[in-house]
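Undergrad: Once you've looked at the hints, dock chain B against the given chain A.
Protein chains in written order, with my numbering: chain A, 1 to 156; chain B, 1 to 165.
The set of hints was computed from the structure by calculation and includes no laboratory data. Keep in mind the model is a prediction, meaning the values are calculated, not measured. Some clues are possibly wrong.
Using 16 Å as the maximum straight-line C-alpha spacing, the simulated EDC-like pairs for lysine to aspartate or glutamate come out as follows [what the hints assert, rightly or not]:
| hint | chain 1 | residue 1 | chain 2 | residue 2 |
| --- | --- | --- | --- | --- |
| 1 | A | K156 | B | E43 |
| 2 | A | K156 | B | D45 |
| 3 | B | K61 | B | D45 |
| 4 | A | K156 | A | D86 |
| 5 | B | K61 | B | D131 |
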Amino acid sequence: MDMQLLALYAQKHHPYRCSVWQNVAQSITNTTIHFDTIAKDPNNNYSLSTFSYTVPVTGFYWAYARYILSGTGVNTFFSIQLNYNDFNNNAQVLIGEGFPAAINAVGISPCAFVSGIIPCVAGSTILAQTNYGGAATNTATGQNFTFMHIQLMSLK
Amino acid sequence: MDALELKLFSEIYTPIRASIYRVSNQTGVVAATVTQIQFDTIEYDYANIVVSLGTVNAGFKIPTSGWYLISGCVGFSMTAAANGQSFFTFNKNAVNTFNNVVIGSQMPTTNAGGTLNHMVGGGIVQLNVGDLVGAAGSCSGTGGSFIGGAAETYMRIMLLQEGLS
Numbered sequence: 001m002d003m004q005l006l007a008l009y010a011q012k013h014h015p016y017r018c019s020v021w022q023n024v025a026q027s028i029t030n031t032t033i034h035f036d037t038i039a040k041d042p043n044n045n046y047s048l049s050t051f052s053y054t055v056p057v058t059g060f061y062w063a064y065a066r067y068i069l070s071g072t073g074v075n076t077f078f079s080i081q082l083n084y085n086d087f088n089n090n091a092q093v094l095i096g097e098g099f100p101a102a103i104n105a106v107g108i109s110p111c112a113f114v115s116g117i118i119p120c121v122a123g124s125t126i127l128a129q130t131n132y133g134g135a136a137t138n139t140a141t142g143q144n145f146t147f148m149h150i151q152l153m154s155l156k
Numbered sequence: 001m002d003a004l005e006l007k008l009f010s011e012i013y014t015p016i017r018a019s020i021y022r023v024s025n026q027t028g029v030v031a032a033t034v035t036q037i038q039f040d041t042i043e044y045d046y047a048n049i050v051v052s053l054g055t056v057n058a059g060f061k062i063p064t065s066g067w068y069l070i071s072g073c074v075g076f077s078m079t080a081a082a083n084g085q086s087f088f089t090f091n092k093n094a095v096n097t098f099n100n101v102v103i104g105s106q107m108p109t110t111n112a113g114g115t116l117n118h119m120v121g122g123g124i125v126q127l128n129v130g131d132l133v134g135a136a137g138s139c140s141g142t143g144g145s146f147i148g149g150a151a152e153t154y155m156r157i158m159l160l161q162e163g164l165s
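Isolated chain B, as found in the complex:
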């Protein structure tokens, strides 16, 4: 197998794919305050890139620079009825700030607190080796909780192509 064949082979069979989620509700999301999502459970992780489960730095440690596909959802429940909005972002490195946003979404909370919001985001991003990808959210109004469950609050990643060119 020559170098070109090896490159093609490695691109197709890269093991860099992972999915994590929050298994139980994460309470204490204070209005107008950025709260990092503490993912605590692995769905799959073929390259051992999941780090710091159950902490504010839970996320993916990027092993190879390249183009990555990221998607996820954050379920959010307001403490009480309020007109406003909730939002989340997938960030890199300084997860608790929003100056490194890579993907995000926001929802109106005019559902008066009775129905869960689901904020969905996904896209292609360039990431460098060593980057930490995590998630954070916030809301206006009364504050609330990130909803636990594999289909409620999760983040998935997969390498599409190596290199940053």
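Bound conformation, chain A alone:
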């Protein structure tokens, strides 16, 4: 295996991914979600101070984020989005799904999620933001409830 192929092999088995989740409940309205615990981040690109992932190389990433509300439901609509910068370094959003929080009133914790392919430029950040029009409400915490996963799928 020559050096060029070795480099390609290394890219295919790259460390550009992270898995983070929320351990401490957060009172949210329209705000950045505080994923405060790192499960995986082999290249050290996630910041626990800004709760964002700094894109290490320009490429196509797959991202998936979700949060759940634990407070008493109110009759409003809530959702989630991912903020990132595209190949032209312009700010973009990946809009996610949300549901009426009133679902909570019948005992089901409402959940919002977002997933998809995002073209990101190196140096920009990816973070998750809530869109919630009701009174401040707590998130439900846990590795399986409120989390974000990011993975480089291909170089540009």
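TA: Then chain B, alone, in the frame of chain A:
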């Protein structure tokens, strides 16, 4: 570079990646009627696989059989308040039917028409060379519009691995 190296190289640097979106609202979505989404703008298209922009057959023409990653979002606005649901699917070939669904999502419309619905879908699918991948949606209640905008109604695709085995 031997055959194995060439295969690895081609898998990493495949140019088969594309993204299209609807730039303006697409009105006239009639309740209980499948409406094809007329994507009309390219965000990026490295392998020239985008076809029929601005028409009911707008989508991706698959150049190589393989495993593909598809994701997207459809923004939907109800004409008036109604309890019901809206949904969309990414389909292949006969885009205006739902017998070839590959990915889809649905949303309740209990938001009484005042807030946009965003239906998000994504997943890995097998596609054959020549397949056409497009999108369609529908709703119950009063009908409405697909919302225009690069972040509102779009579809993205990328080849993960060649071959169907």
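Undergrad: Against this structure, judge whether each hint is valid.
TA: Status of each hint after checking the structure:
| no. | hint | result |
| --- | --- | --- |
| 1 | A/K156 to B/E43 | 14 Å, holds |
| 2 | A/K156 to B/D45 | 12 Å, holds |
| 3 | B/K61 to B/D45 | 11 Å, holds |
| 4 | A/K156 to A/D86 | 11 Å, holds |
| 5 | B/K61 to B/D131 | 6 Å, holds |
Comparing the model with each numbered hint stated earlier shows that all of them hold.
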